[in-house]
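**Student:** Residue numbers (my numbering), protein chains in the order written: chain B, 1 to 255; chain V, 256 to 510; chain R, 511 to 765; chain E, 766 to 1020.
Keep in mind that the hints were calculated from the coordinates and are not lab data. Hints may be right or wrong, so weigh each one.
Simulated restraints, written as ranges between beta carbons of each label pair [said to hold, decoys possible]:
1. E:Thr792 x B:Ser228: 41 to 49 Å
2. V:Ile332 x B:Ser228: 46 to 54 Å
3. V:Ile332 x B:Glu56: 55 to 63 Å
4. B:Asp159 x V:Pro260: 28 to 36 Å
5. B:Lys32 x R:Lys527: 53 to 61 Å
6. E:His796 x B:Lys43: 51 to 59 Å
7. B:Gly33 x E:Thr795: 46 to 54 Å
8. B:Ser228 x R:Glu514: 47 to 55 Å
9. R:Ile658 x E:Glu991: 31 to 39 Å
10. E:Arg884 x R:Lys527: 24 to 32 Å
11. E:Gly791 x R:Lys553: 41 to 49 Å
12. B:Lys32 x E:Pro770: 41 to 49 Å
Beta carbons are placed, not taken as given, at the ideal position from N, Cα and C, and that holds for glycine.
Number of protein chains: 4
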Amino acid sequence: MSIEPGDVALLVMGGKKFLVTVKGGGTFHTHKGYIRYDDIIGKPWGTVAKTNMGSEVLVFKPTTADIMEKLGRRTQIIYPKDAGFIIIKSGILPGSRVLEAGSGSGSLTIALSRAVGPRGTVYSYEKEERFLKVARRNVNRFGLGNVIFHRGDVRHRVDERDVDAAFLDIPDPWNALKAVHEAMRPGAVLTIFVPSYEQIRRTCMTMKKSGFSDPEIHEILIRQIEYSEERTRPATRMVGHTGFVIFTRKILTDY
Amino acid sequence: MSIEPGDVALLVMGGKKFLVTVKGGGTFHTHKGYIRYDDIIGKPWGTVAKTNMGSEVLVFKPTTADIMEKLGRRTQIIYPKDAGFIIIKSGILPGSRVLEAGSGSGSLTIALSRAVGPRGTVYSYEKEERFLKVARRNVNRFGLGNVIFHRGDVRHRVDERDVDAAFLDIPDPWNALKAVHEAMRPGAVLTIFVPSYEQIRRTCMTMKKSGFSDPEIHEILIRQIEYSEERTRPATRMVGHTGFVIFTRKILTDY
Amino acid sequence: MSIEPGDVALLVMGGKKFLVTVKGGGTFHTHKGYIRYDDIIGKPWGTVAKTNMGSEVLVFKPTTADIMEKLGRRTQIIYPKDAGFIIIKSGILPGSRVLEAGSGSGSLTIALSRAVGPRGTVYSYEKEERFLKVARRNVNRFGLGNVIFHRGDVRHRVDERDVDAAFLDIPDPWNALKAVHEAMRPGAVLTIFVPSYEQIRRTCMTMKKSGFSDPEIHEILIRQIEYSEERTRPATRMVGHTGFVIFTRKILTDY
Amino acid sequence: MSIEPGDVALLVMGGKKFLVTVKGGGTFHTHKGYIRYDDIIGKPWGTVAKTNMGSEVLVFKPTTADIMEKLGRRTQIIYPKDAGFIIIKSGILPGSRVLEAGSGSGSLTIALSRAVGPRGTVYSYEKEERFLKVARRNVNRFGLGNVIFHRGDVRHRVDERDVDAAFLDIPDPWNALKAVHEAMRPGAVLTIFVPSYEQIRRTCMTMKKSGFSDPEIHEILIRQIEYSEERTRPATRMVGHTGFVIFTRKILTDY
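Just chain B, same shape as in the assembly (with noise of 0.2 Å):
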């Protein structure tokens, strides 16, 4: 696999990343000089390239960490730790169906993207036009092709059914938990994001009510270990909290 023009690439320079899209006769520039697309296009990912001012810059394919943290700089609310986690426990596996609301930057979009792959697909809604744009963008410049999005609210209506599993990141989830409900298979995970307790209570007290199992609330908190020749530490800062992440399954109490 070599780099081509169109890629999208993960610029590494000195502890620092930059997400670039390479483009023949393009140029990047860092404080550092500047490299030249054409001298990388067709080497393999992983080539150590230099600036003209002779510093090393890394060109690695972006993993969807990568791609996660530098979409979301502006908006982000689900981060790596997270979005790992939630397709872990949720069930999701290359050619699933799945359903997300709101798109918000597109970010866990595309890690859900990336996810189901090829075969599966994601279905985003967003009340939104401007998020729904940046979001669509987002997905676009990387070349996902598996991504359905809507303009919609769904806490009203979702088009879907029989999805393989559902995510919910809008700020009264509790109102989407009956059409949420109709558009997943039995059995399928719904996983709900919300940042305070307020949140939780009130969404776990709604949930009992609409069929669905009894939830689980777990909180993902990620430290930094700082190594060098010297030392190994934690790193003195932290993110103390993104939100709570809310499990739950669509049961089938009449059938």
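We have chain B; now place chains V, R and E onto it with these hints.
**Tutor:** Chains V, R and E in isolation, oriented as in the chain B frame:
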């Protein structure tokens, strides 16, 4: 999708979970009575079965996290919180070819196998025959046909070339860096899981000289939140530490 | 300072700790033999005694944390990690007059008593006779003469006035805010310990209307690090949650 | 107790805190107007003052934690969460004689000084004249008469004998174990604060050979909880690591 003989099912009963293989004519006994598998065969996942004493048993298709939680009971090292993060950080996608050592109980093997799907492959190395047997049995139980087990020592030799990602969970990963480096495609992510600081240190010191990029080191913590009608609070007990996750990438210095 | 009859001693033996009262003629039995108290009486603290079978027993004067750890075994709510933070955040000094409710096992009572010293006083309220008895016995065991116990309900009445700090560890602290406010000197810190989010909410909502400043809410977590010659790592098990600590101060609005 | 000239006061204004020395004739300026100190002198602590523009300013007597938080701004290493735990774990009581090195900004010096009270003493060693000056100024500002500063290197010599507790916050504590051991009374607790794992290791390895008991190592984490009328949640940002706290005791092996 309905429940069929041979399927592995997750039974949930009053907060307890059981992973069982559904067999025609068989029964599952609990302290509140039993259910006959014949009564659930042919029904959809998500069904609420009842024991002969009238207690409810929820029948779900297990997710990757369900499988890891139940399999790992005795030898668990990698938890779902870590596995999800590893997959999303290491560029593993449907179709990827992934190297793993050691196989352990096969818990992470299953997680990787499910993430890469039928078009991908997991190459799993294990030195100890007794672990290999357990891992193989566990993988077979879930009908995963994309895992190739090797009885062998990854520190001395890896047969594959150009794998898309590699994962090491062995006590002395620094001794395997050379062989694993050869097996990886340039730019691929190597993930190393170690429980102690001394292992971080020794691994990272060796890494620099072995054609890998600067490592990123993380620790993932998970807190369970207890919810009842009366109150919401973090659980009293938590797992304080499983291990540290080191990520690095193969670089191509002399291309 | 030497070990005298009547002293409470901390015996440490192979990682295990015991809190014992030294009595002339008495013995302390372990699974590796016994020590005679007569053999350590008159010796300095820090002495390494030996059982009749030759095992080493270290004899220390217990610290406040040692006492709390051993007393709290059954009914512990406030841990040393919380007690230390509470004392340093609430303006408690040698000589302070401190109000506490409820007494519980007397574990925090002892910590407060030791922090304010012989020239200070702790007023400890407890509704339940059986707890009061335990608390009183524990406090007496350490010869602390500066604690005044009240059997009474702090929600209805507090006899003292102008206390320098107050501490509440009762299920419904919001019901005690009025009586405690009256008992505090202006500017004094009130600390409230609650395990659940619902209690935070209800307490803070009532606080605003009761002459207290905006609350600060914290949660203290403690990780133990295991060290051996081979490796250093966080302990596998940890206490995930004890409670939240709310700090506020009495304000004088209409002075 | 009323506010007097020369007192250090904590002013709280809309969530912001300021530590000021009250001076007759002086003023305190904020972005919402100023207050005249003459208007609060003679009033009780806990008073709500008003700026000339009508904004409320709460006037409190600072607690130990308030002082540490404000002093530590630039050079802070020891936080209140750590200081409280250290005091309660190390047997420090009113009247104790405590050894400390280095003085740093004097932040922990003040915490120790306040905990031991007027009948106790803190011996604070500092190699660097510039730090000593800062520490001395900070201690004097709070009128604490029980601190004796030494300009000196605790690794080479400690003048005191039989101190009740000792605290080390220097980069190479292993080099000070011998001198500090001589200065401590048998059974006394030595607390060592280090940020990195390498320092834990080297300290603990040396400790064994130096007449100290097996160490206990802890890390204290603190999460702030944000409360508003709408929602309660952990704060987004948190301090991920300050340091590890090692506790050990001087033992008398050859008594």
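**Student:** If a hint holds in the structure, say so; if it does not, say that too.
**Tutor:** Status of the hints after comparison with the structure:
no. : hint                            : in the structure
1   : E:Thr792 x B:Ser228: 41 to 49 Å : holds (48 Å)
2   : V:Ile332 x B:Ser228: 46 to 54 Å : violated (27 Å)
3   : V:Ile332 x B:Glu56: 55 to 63 Å  : violated (35 Å)
4   : B:Asp159 x V:Pro260: 28 to 36 Å : holds (35 Å)
5   : B:Lys32 x R:Lys527: 53 to 61 Å  : holds (57 Å)
6   : E:His796 x B:Lys43: 51 to 59 Å  : holds (55 Å)
7   : B:Gly33 x E:Thr795: 46 to 54 Å  : holds (47 Å)
8   : B:Ser228 x R:Glu514: 47 to 55 Å : holds (51 Å)
9   : R:Ile658 x E:Glu991: 31 to 39 Å : holds (37 Å)
10  : E:Arg884 x R:Lys527: 24 to 32 Å : holds (29 Å)
11  : E:Gly791 x R:Lys553: 41 to 49 Å : violated (58 Å)
12  : B:Lys32 x E:Pro770: 41 to 49 Å  : violated (57 Å)
Of the numbered hints listed earlier, those contradicted by the structure are 2, 3, 11 and 12.
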